[in-house]
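2 protein chains.
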Amino acid sequence: METSKETMEVGRKLVDFCKRGDNLKAVEALYSKDVESVEAMPMPEMAGKKGIDAVIKKNQKWMDDNEVNSVSIEGPFPLGDRFAVHYKFDATNRNTKERMKMEEVALYSVKNGKIVKEEFFYTM
Amino acid sequence: METSKETMEVGRKLVDFCKRGDNLKAVEALYSKDVESVEAMPMPEMAGKKGIDAVIKKNQKWMDDNEVNSVSIEGPFPLGDRFAVHYKFDATNRNTKERMKMEEVALYSVKNGKIVKEEFFYTM
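Protein chains in written order, with this note's numbering: chain A, 1 to 124; chain B, 1 to 124.
Because the hints were derived from the structure by calculation, they are not lab data.
Hints may contain errors.
It does not matter which identical chain is used: a pair holds within one copy or between any two.
Unchecked claim - Here are the computed lysine to any residue pairs in the SDA-like style, where the Cα-Cα straight-line distance is at most 25 Å:
| no. | residue 1 | residue 2 |
| --- | --- | --- |
| 1 | Lys-97 | Gln-60 |
| 2 | Lys-61 | Phe-17 |
| 3 | Lys-33 | Lys-97 |
| 4 | Lys-88 | Cys-18 |
| 5 | Lys-5 | Lys-101 |
| 6 | Lys-5 | Lys-97 |
| 7 | Lys-49 | Ser-72 |
| 8 | Lys-111 | Phe-89 |
| 9 | Lys-117 | Ala-29 |
| 10 | Lys-50 | Asn-66 |
| 11 | Lys-19 | Thr-92 |
| 12 | Lys-19 | Ile-73 |
| 13 | Lys-101 | Gly-80 |
| 14 | Lys-61 | Asn-23 |
| 15 | Lys-57 | Gly-80 |
| 16 | Lys-5 | Met-46 |
| 17 | Lys-49 | Met-8 |
| 18 | Lys-111 | Ser-37 |
| 19 | Lys-13 | Asn-95 |
| 20 | Lys-97 | Glu-6 |
| 21 | Lys-19 | Met-102 |
| 22 | Lys-49 | Arg-12 |
| 23 | Lys-88 | Arg-12 |
| 24 | Lys-49 | Lys-97 |
| 25 | Lys-101 | Glu-9 |
| 26 | Lys-49 | Arg-99 |
| 27 | Lys-19 | Glu-103 |
| 28 | Lys-88 | Glu-2 |
| 29 | Lys-117 | Glu-36 |
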């Protein structure tokens with residue numbers, strides 16, 4: 001399956017934004033307003049919420065709750081109109097002061113130059 | 001989306017086999033005979049070929065062509081009935097003697113305890 005130039009371009013922009021810590025700018029610049037977001041562990045506060053506003057809220061809550069000590073981002077790895085990114089975080093929960101290492105693979109689907117779906121693969 | 005125990009079990013077995021270099025045993029033990037295989041860069045010799053026999057042939061050809069110097073395997077990262085694995089290879093082509101670093105994210109779909117689809121995300 002040929003990878004489109006568009007897929008790689010969106011993937012590279014997303015990774016560049018996220019490496020600078022500009023995750024919200026990435027969402028604003030690259031996401032479709034009707035984006036579908038799928039998490040391995042559903043977040044109760046996100047239940048039934050949809051689209052770019054829910055994704056922005058989820059990102060804001062994560063950043064409010066966690067202080068990122070370091071991050072490693074590998075990718076994008078493309079296939080057709082999708083690309084994968086491997087994230088590793090070392091973060092401290094601002095409330096509990098607990099320090100955690102987290103990692104996940106994200107799979108993004110691109111259509112008309114915008115991310116229309118994000119899917120997060122991980123265990124807790 | 002809840003991840004099934006089955007998905008994680010198949011994912012862990014696959015990663016264990018591959019870490020031991022037993023990739024063919026992984027295919028024989030864990031793949032459906034009708035498995036669908038999708039590559040970012042289609043291999044001309046695989047065109048039109050399907051199922052587990054084509055996957056075994058592809059794996060054998062890769063191992064015939066390349067000597068693996070080292071490998072890093074991270075995962076499985078699950079979501080629902082799928083899981084992702086991040087592979088990094090340092091290999092030497094037996095014909096050209098060229099040494100290459102390659103990496104890819106693989107996405108596997110599980111049904112009835114067997115892998116029914118493998119999809120490889122990478123650039124060349």
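These are the hints, each one checked on the structure:
no.	hint	verdict
1	Lys-97 <-> Gln-60	within (18 Å within a copy, 50 Å between copies)
2	Lys-61 <-> Phe-17	within (18 Å within a copy, 39 Å between copies)
3	Lys-33 <-> Lys-97	neither (34 Å within a copy, 49 Å between copies)
4	Lys-88 <-> Cys-18	both (12 Å within a copy, 22 Å between copies)
5	Lys-5 <-> Lys-101	between (33 Å within a copy, 23 Å between copies)
6	Lys-5 <-> Lys-97	neither (43 Å within a copy, 31 Å between copies)
7	Lys-49 <-> Ser-72	neither (29 Å within a copy, 38 Å between copies)
8	Lys-111 <-> Phe-89	neither (28 Å within a copy, 31 Å between copies)
9	Lys-117 <-> Ala-29	within (14 Å within a copy, 32 Å between copies)
10	Lys-50 <-> Asn-66	within (23 Å within a copy, 46 Å between copies)
11	Lys-19 <-> Thr-92	within (18 Å within a copy, 31 Å between copies)
12	Lys-19 <-> Ile-73	both (7 Å within a copy, 23 Å between copies)
13	Lys-101 <-> Gly-80	between (31 Å within a copy, 22 Å between copies)
14	Lys-61 <-> Asn-23	within (12 Å within a copy, 41 Å between copies)
15	Lys-57 <-> Gly-80	between (29 Å within a copy, 23 Å between copies)
16	Lys-5 <-> Met-46	between (33 Å within a copy, 24 Å between copies)
17	Lys-49 <-> Met-8	neither (28 Å within a copy, 27 Å between copies)
18	Lys-111 <-> Ser-37	both (15 Å within a copy, 23 Å between copies)
19	Lys-13 <-> Asn-95	neither (32 Å within a copy, 37 Å between copies)
20	Lys-97 <-> Glu-6	neither (41 Å within a copy, 34 Å between copies)
21	Lys-19 <-> Met-102	both (16 Å within a copy, 22 Å between copies)
22	Lys-49 <-> Arg-12	neither (28 Å within a copy, 32 Å between copies)
23	Lys-88 <-> Arg-12	both (17 Å within a copy, 19 Å between copies)
24	Lys-49 <-> Lys-97	neither (29 Å within a copy, 54 Å between copies)
25	Lys-101 <-> Glu-9	between (29 Å within a copy, 23 Å between copies)
26	Lys-49 <-> Arg-99	neither (29 Å within a copy, 49 Å between copies)
27	Lys-19 <-> Glu-103	both (15 Å within a copy, 19 Å between copies)
28	Lys-88 <-> Glu-2	between (28 Å within a copy, 21 Å between copies)
29	Lys-117 <-> Glu-36	both (5 Å within a copy, 23 Å between copies)
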